[in-house]
Structure formats: structure tokens, C-alpha cells
Amino acid sequence: MTPLLQARDVSVSFGRTRALRGASLAIGAGEIVAISGPSGSGKSTLLHCLAGILVPDDGEIRYGETRLDELDEDSRTRLRREVFGIVFQFGGLVPELTAVENVAVSLMFGGLGRAEAAAAALDWLGRLGVDDCAPLRPGDLSGGQVQRVAMARALAHGPKVVFADEPTGALDSVAGEEVLGLLLGTARDHGTTVVLVTHDNRIAAYADREIVVRDGAVAASPVVTR
Amino acid sequence: MATPLVLLALLAEGAKHGYELKREHDERLPGAKPLPYGQVYSTLQRLERDGFVAVAGVVQEGGPERTVYELTPKGTEKLQAWLAETEPPLPYVGGALFARVIMALVAGGDARAALDRQRAAHLERMRELTRAKTASDASAAAVLASDFALLHLDADLRWMELAVRRLADLTEEMNR
Chain A
1 MTPLLQARDV SVSFGRTRAL RGASLAIGAG EIVAISGPSG SGKSTLLHCL
51 AGILVPDDGE IRYGETRLDE LDEDSRTRLR REVFGIVFQF GGLVPELTAV
101 ENVAVSLMFG GLGRAEAAAA ALDWLGRLGV DDCAPLRPGD LSGGQVQRVA
151 MARALAHGPK VVFADEPTGA LDSVAGEEVL GLLLGTARDH GTTVVLVTHD
201 NRIAAYADRE IVVRDGAVAA SPVVTR
Chain B
1 MATPLVLLAL LAEGAKHGYE LKREHDERLP GAKPLPYGQV YSTLQRLERD
51 GFVAVAGVVQ EGGPERTVYE LTPKGTEKLQ AWLAETEPPL PYVGGALFAR
101 VIMALVAGGD ARAALDRQRA AHLERMRELT RAKTASDASA AAVLASDFAL
151 LHLDADLRWM ELAVRRLADL TEEMNR
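Read top to bottom, the protein sequences are chains A and B.
Following UniProt numbering, the numbering of the first sequence begins with 1 at its first residue and continues without gaps.
Following UniProt numbering, the numbering of the second sequence begins with 1 at its first residue and continues without gaps.
Excised from the complex, chain A in its bound form (with noise of 0.2 Å):
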């Protein structure tokens, strides 16, 4: 496998709080993959550096042959507005715009025009179920339907990556399943590769694969006999 994404000795401190100390791991492109932990294990921390988010004190980051903690910042948003989506456990969306206005934005960054732009994110809405919601603003809808609308902003710009962080952390469990089955199926349909930051272990059952980090590094690979 030609890994896709890389964490080799990341170390990230926070103050005195050191939040990573060594992580190292590898994902391949259209994995699907739960990095999963206790709380203050580092987890996030690691997704923030993988997504270009946060640049570690030490160790490199690589999207295929980036190095993403070389990159200026200008690089690094460029790079997540093209080739990542992001969703946020509260979806992270912008509050003054509608829902379908959140979604075309992050076409219009990748060069499509205004019309062109509103047209397919009407159609990304619907594709998750939620283009009755393209009038109205975050905070006229559900927490379901925030992060279908999230996650149609994660989608609709054909990212090789999609970067989740606990995106079913404010759901109940069903609309939970709901929206995270609507996701992997959409990444699996167009082998996109998934990072999914979750503490529930039936989310993380729904990944190929778990990474676990603890205590600020990815524990070992377990072999397991049955």
C-alpha cells in the first residue's frame, strides 16, 4: 500500500500540555478509518495535523508527496478548500448563511461561478436528503440536518479526503447511523478516503479499520486470535 496519508514522530504540545508525542501512522487512499481513544488522547489533535489544520512542533505529515508541515498557511487552506472536506462534530457551518449558500461557497472557492455553483449544491442537499432545507439558515434546522448539510459541504467539491470529527457526537443514535451511513456510502461510491475521529465504538464499527491513539500516540496493532 502507497500510503495516501502520513504521520511519522508528530508531537504537539498545548502550553505544557503535550497532546501528541510521537504519533506515527499510515492511511491509504480510499480507507475508510476510525481513529478512535479516550478523551485527551490526542485523537483530535492528530486529525487537526492531518488535515492541515495545525502544524506539529516536530515529526512531518505528508498527503501523498506534500509535506503538509512545510507548507505556508496560504498553501495549507488552499489544499484543504481542494482536496479535503471537514466535517465538525456542531458542523461548523457558517450561521449568517443559508444552507444551500454553505454549500456553494466552497465551490466558488474551487473557481465555479455563482448560478453554476448554487445549482450543484442544490443537488449535493438532495443527494443527503436535505434540499428542502436550502432556504434556511443553520440555525433554523435540526442537528440531523446541520451535519447532512455539513457533510454535503465536505462532499460536494469531490475531495480525495473527507476529515471527520466526532460528526455524529450531537446526535441521538440513529440519526447518528443515519447521517454517517449517508457519508461512507457517498466515499465509498467515489473511493474517497475517510478519517473519522470518534470515541463510540458502533461508529467506529462502521470504518475498515481503527487506528487507537493513546495517551498521545497511536497504540500497536493488536493480533488477534480466535
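Bear in mind the hints are in silico, worked out from the structure with no lab data behind them.
Beta carbons are placed, not taken as given, at the ideal position from N, Cα and C, and that holds for glycine.
What you were told as hints is all true, and nothing was included just to trick you.
Mimicking DMTMM-like on lysine to aspartate or glutamate, the simulated pairs with C-alpha atoms at most 20 Å apart in a straight line are:
{"hint": "1", "chain 1": "B", "residue 1": "K133", "chain 2": "B", "residue 2": "D154"}
{"hint": "2", "chain 1": "B", "residue 1": "K133", "chain 2": "A", "residue 2": "D200"}
{"hint": "3", "chain 1": "B", "residue 1": "K133", "chain 2": "A", "residue 2": "D172"}
{"hint": "4", "chain 1": "B", "residue 1": "K133", "chain 2": "B", "residue 2": "D26"}
{"hint": "5", "chain 1": "B", "residue 1": "K133", "chain 2": "A", "residue 2": "D189"}
{"hint": "6", "chain 1": "B", "residue 1": "K133", "chain 2": "A", "residue 2": "E177"}
{"hint": "7", "chain 1": "B", "residue 1": "K22", "chain 2": "B", "residue 2": "E61"}
{"hint": "8", "chain 1": "B", "residue 1": "K22", "chain 2": "B", "residue 2": "E48"}
{"hint": "9", "chain 1": "B", "residue 1": "K133", "chain 2": "A", "residue 2": "D208"}
{"hint": "10", "chain 1": "B", "residue 1": "K78", "chain 2": "B", "residue 2": "E13"}
{"hint": "11", "chain 1": "B", "residue 1": "K133", "chain 2": "A", "residue 2": "E178"}
Calculated from the model, a selection of chain A residues having no Cβ within reach of chain B, i.e. all distances over 10 Å:
{"hint": "12", "residue": "P3"}
{"hint": "13", "residue": "R21"}
{"hint": "14", "residue": "S24"}
{"hint": "15", "residue": "R62"}
{"hint": "16", "residue": "S75"}
{"hint": "17", "residue": "G111"}
{"hint": "18", "residue": "A118"}
{"hint": "19", "residue": "R127"}
{"hint": "20", "residue": "A134"}
{"hint": "21", "residue": "E166"}
Pulled a few chain B residues facing chain A out of the computed Cβ check, cut under 10 Å:
{"hint": "22", "residue": "R117"}
{"hint": "23", "residue": "Q118"}
{"hint": "24", "residue": "R119"}
{"hint": "25", "residue": "A120"}
{"hint": "26", "residue": "A121"}
{"hint": "27", "residue": "L123"}
{"hint": "28", "residue": "M126"}
{"hint": "29", "residue": "E128"}
{"hint": "30", "residue": "R131"}
{"hint": "31", "residue": "L153"}
{"hint": "32", "residue": "D154"}
Once you have looked at the hints, place chain B on chain A.
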């Protein structure tokens, strides 16, 4: 499991022959072991002897003749009584997993590695169940059966995570 009572419940919808009962049992309870034909017929005979079901007739649909059974008033009463009772909550502690994890924690050695292996085995099974329940042809009964298994495995995992966090208390208690 309460096979005689499950058969009475399936007959509450109307008279059926043994083959239909076997098929419906396996469809409605996809997580359970398939019911052997032999057991269906022996159970029906016992239910008939005790007056809970009665022979309603014989059908022949191309193949062999099949005896059709129906619920008697006494059978309906027994079924209602069963449905009105609660299932005793299982004691659980005492299970093989519980013993193995506690012993791994107390017997020294690498308890952490033992728990990681157990977690990986549990998650592998949870992935199989998740694939089964998200398959496009999964029946509602199959989804419910998978959910039942998934939630129990999830409870095991969460208890194991807790066990690790309580390891220090356990060690202290043993050294007293």
C-alpha cells in the same frame, strides 16, 4: 430459549404448519440459531398433548401432506401470560469475558495488551455486524438482531475501558 412460547406467538397470527413455523422463526429471529425441523415437530406434538395447540387440518401444496396447527384458548392464555411477564435481567458478571479480563488485570503480565487484543476481536465482530445491517437487502428483523448484538458488544468494550481506568484501585485492593 423459549421455543414453545415463540411457536405459540407465531400461531397467534393464524393457523400454520410446521414448515411455515420453522421459516418464520428463522426470519423473525435472524440472530438466533435456526430451528431444526425435528424440534418444531416434537415441540408441536408436546403443545398439542398439553392442549395449547390443536390440529386445524391438513394441507397439500404439491409436496407432502402437512398438518396445520392452531392456537387453543388455553394456548392463547399461556402466550398472554408469557408476554405479560418480564425477562429477568441477566446477572452477566460471571461470564467468560469478565473472568478473563479480571484475571488478566490481577495476574500481572501485560493486561493492556490482553485488553487491546480483546478490543480488536470485539471490533472485528462489530464491523461484520455493521456490514450485515447496512447491506441493501437487510430485513428490519436482521437490523434489529444486529443492533442487539452490537449494543451488547459495545457494553463489553465500554466496561473494558472502565476496567483499565480502575486498574489502580484493583491493584491497591489486592495488595492490602
